[in-house]
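Required output: the full structure, derived from the provided sequences and hints.
Chain residues, written in single-letter form:
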Amino acid sequence: MANLTLSVNGQRRTVDVDPATPLLYVLRNDLDLHGPRFGCGLGQCGACTVLIGGTATRSCVTPVSAVKGEVTTLDGLAKDGKLHPVQQAWIDEQVPACGYCQNGQMLTAVSLLQRNPRPTDAQIREAMAPVLCRCFTYYRIQAAIKRAAGAAQTV
Amino acid sequence: MRIDDILETVSTPSRREFLKTSGRLVVGFTAAAHAAPLVPLAGAQTGAVQGAGPYPDPDFHQLDSWIVIHQDNTATFYVGKTDLGQGTGTAFRQIMSDELDMAFERTTCIMGHTDLTVDQGGSGGSDALQVDGWPMRRVAAEARRVLLDMGSTHFGVPVDRLAVSDGVITVKADPSKQVTYGELIGGRRFGVTLTGRNINETTGIATLKPVQEMKYVGTSPQRDDIPAKVNGTAKWAVDAKVPGMLHARNVKPPVAGASVVRIDESSVRGMPGFVAVVREGNYVAVVCEREEQAIAAARRLQVNWRTPATAPFPASEDLFAYMRGTKPTRTLDPQANGDIEAALAGAAVRLEAEYEVPFQGHTSIGPAHAMADPSNGQLTIYSNDMKSYGLRSGIAEFLGIPREKVRVLWLHGPQAYGRTAADDAGFEAAYLAQKLGRPVRVQWMRDEEHAWDTKGPAYLVKLRGGLDARGNLVALDYEARAADYCHLGYNEHDTVLIAQLTGRQRQEAAEGGASAPSDTYVVPNRRSLMHVVSLPLVWETPLRTGNLRDPNGPQATFAGESFIDELAAEAKVDPVEFRLRLLTGQMNGVGRVLSDLPDDAGFRRARSIACVKAAAEAYGWRPRPSPGPRGGGDLLAGRGFAYAYRNQTVVAQIAEVEVNRRTGRVWVKRLVCAHDCGLVVNPQALRHTVENAMLHSISRALHEEVTFDTEKVTTVDWRTSPTLTHLDTPERIDVVLVNGDPNPNRPDLPHYGAGEAACKPLIAAIANAIYDATGARIRRVPFRPQRVVAALEAVRV
Ligand code: FES
Ligand code: FES
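One line per chain: the protein sequences are A and B, in this order.
Its first residue numbered 8, the first sequence is counted upward by one per residue in this note's numbering.
Its first residue numbered -15, the second sequence is counted upward by one per residue in this note's numbering.
Calculated directly from the structure, the hints in this document are not laboratory data.
Incorrect hints may appear among the rest.
As the list claims (entries may be wrong) - Output of the computed footprint for chain A on chain B, the stretches with three or more beta carbons under 8 Å from beta carbons of chain A:
{"hint": "1", "region": "214 to 224"}
{"hint": "2", "region": "265 to 276"}
{"hint": "3", "region": "395 to 406"}
{"hint": "4", "region": "422 to 430"}
As the list claims (entries may be wrong) - Partial chain B-side listing against chain A, Cβ under 7 Å, derived:
{"hint": "5", "residue": "Glu675"}
{"hint": "6", "residue": "Thr704"}
{"hint": "7", "residue": "Pro706"}
{"hint": "8", "residue": "Thr713"}
{"hint": "9", "residue": "Ile717"}
Glycine included, every Cβ here is placed at the ideal spot set by N, Cα and C.
Following this line, the structure appears as structure tokens:
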């Protein structure tokens, strides 16, 4: 065990864990941030996604000691009580079914739109392909990303 | 308003304080604290981890068990269902708000907590509205009646001189005279006893509203579960946590049917956070203080397993040969009319084909999990299991403790379309918590979920058909074999996985079932014959079957509706036209086959015809036989049709595909679904459910297959087990909601089931579209690129 300090959702947090612990368990169990969820632990599904320095990252295969940069989880995406445009689009399009995967879907979309504010349909499919949904809400997710991209343009 | 906010305003005031002071969110316990003041709270207000219990069943004969009106004129509905992310909770609020005459925004709904909500069995079978919606409507109507009586006393005016809207009663003659429901009863009990022999028949004496007077039914308020799922505040079973909680991971047999010879506990004893190895029979789990410690220790634990003497099952590539050759363990009574053999013998053209569907899994995105807290001599289970009531009873029975000492709090969870491993994990958490005397959280690992979750049964179907000289279908023979012996029920204390592994399974395995397609075609000579077959190993096997979203429908309908298409092609008739002839009983040059249809059959058939036509129209279907003219490039386009009927719900679907003749990739580019489930409560939530169900079917059609060697399942993660991804998403989906009641004196239908019916026909529609595009008929699911390329080569495309 070792004391490690992380910057999560704008706060500095210190935890006493084995440095090899995947970030996922630290966020969920030590910091009680429940946006990221365990799906595979293998980097294959995206359920555990967080943003590190703005980039979508799979926390299940990221040792906590390897984290450099600000961590943003779904819980910290809204700013000053206002939902992120991607979150708002997710509500407007009524995207989630069970919702278990949607943390990864939204954060991957946030990361995509940061890199590419006006993605084509093909770019959306390509960027989102590694994030799985077993309720198969892909059609609405893609509509929501287009909606969020439009909203981001008009801001 | 988020549902939690609503809960906070309408329920115990201590909750917000509790959340603030506790430092960390004690999920699940807080769910219990949502309880309305009138429901026994089992000590929840005290802030203890768990109240002392016991937890008696809420009495469904008491109106107070279903509805609580608060002083601020809000209402809480308590229903015994669970919402798996399809908006049923919102729909319950819509129907109950309408019957109660309460503003929808001022209501909330609590679901599936065995000590707080009446036992409606949880969810399953897409019957939430079809069956359970009725008592909900009747109790809400009864509450309205009682409140109007109270209003009448309050104003000294007969009820018929009162008007009510949004929970406010007004004297018609003097609208300044108003009283709210909250003012009349807020915070007090109705004290009204209901009647009815069982929960589904529960009723008061009020009459229900005609649909025309409903304000919320038929509209699409946003689903109330979505905001919290989007902003990260939703409460999930996977988040459940109480002080002193331990983490467990299972160690599964590496080979099906293997038994434990020896466990070397010293292999993990020194590991950080190690608490215990628990073993009974072939059930093995490792328990640690922290989650990642439990994962590491479960991987490290040295177990010697004895491999069984005979192979538990054939390898997946030999599965269908095995199913063909083995003796059925059960043959169901055939459904038959006419004389099938004579009709086939006399047919001008005979056609025969065999179809194969492999085992397919639930393969939930979130592996099975649960948390159990044994403090105070009671047991509280935090679970997403869709049948929380059955989980409670099953666990009580399994552990030999009174039901009153067990409760299940239902919380959100990953998709649960049927009998998932959430059942198994719930029992495991309870067992470990009882054994260790501490709260224990269990979650399965990815390979475990893939391999050991329950499967939809594999199907082998042989079809024979006969056309007369005019191309009329005169004989149709269906014979299916389903690998479904030992089909698992829900939360059975003697079939759940830990019961099997600890040697406590029942003597006689369930005999399993098989289905025929559920169409309403008129065929003069028809027979459907169904058999069940068993794999060699029955218990302690990862190839265990359980209900998977319309348990046999996709398999049976894939075969049935593919074959109808083959017959239509043989007759050189447009596939929609061919089906309409079968539905109307019209035959070329013969007239009607059946003149005196029983009323219900006629009603069902009329609605089927309406749906088939609605789908064709929405698509812009131009009649022509399949296959269509073939283009010259790499991409071949085609369209396919299929239809099914399920428990009063009709579905007609069209898939438009693009087949890459070089790579074999199939893309379902466009989907149309005409759907008639009677009265639609929330059109938008229904549309999304249908869309998602269809995409699930595309995944099953194109990608999904559980593979295994002769010892173990070999699809163990998302690499070995492909699933639908964003790349496969159709470009366009049209869902047409049809209310097809042909009776002009009956302007509305009851609410039927919705979700599962939409899963039935699509696999066939895709196969039919591939045929339309290429002239190649694929009779084996899934239609993966290699298989498609081989089929194209066989017909030289
Ligand atoms: S849980 Fe991290 S990618 Fe699946
Ligand atoms: S919404 Fe259920 S897994 Fe994506």
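Quick rundown of the hints versus the structure:
1. 214 to 224: Since 8 is at least three, the answer is holds.
2. 265 to 276: holds (count 3)
3. 395 to 406: holds (count 5)
4. 422 to 430: n = 3 at 8 Å, threshold three: holds.
5. Glu675: holds (6 Å)
6. Thr704: violated (10 Å)
7. Pro706: Given a least distance of 10 Å, the restraint on Pro706(B) is violated.
8. Thr713: Holds - the Cβ of Thr713(B) comes within 7 Å of chain A, reaching about 4 Å at its closest.
9. Ile717: holds (6 Å)
Of the numbered hints stated above, those contradicted by the structure are hints 6 and 7, listed in ascending order.
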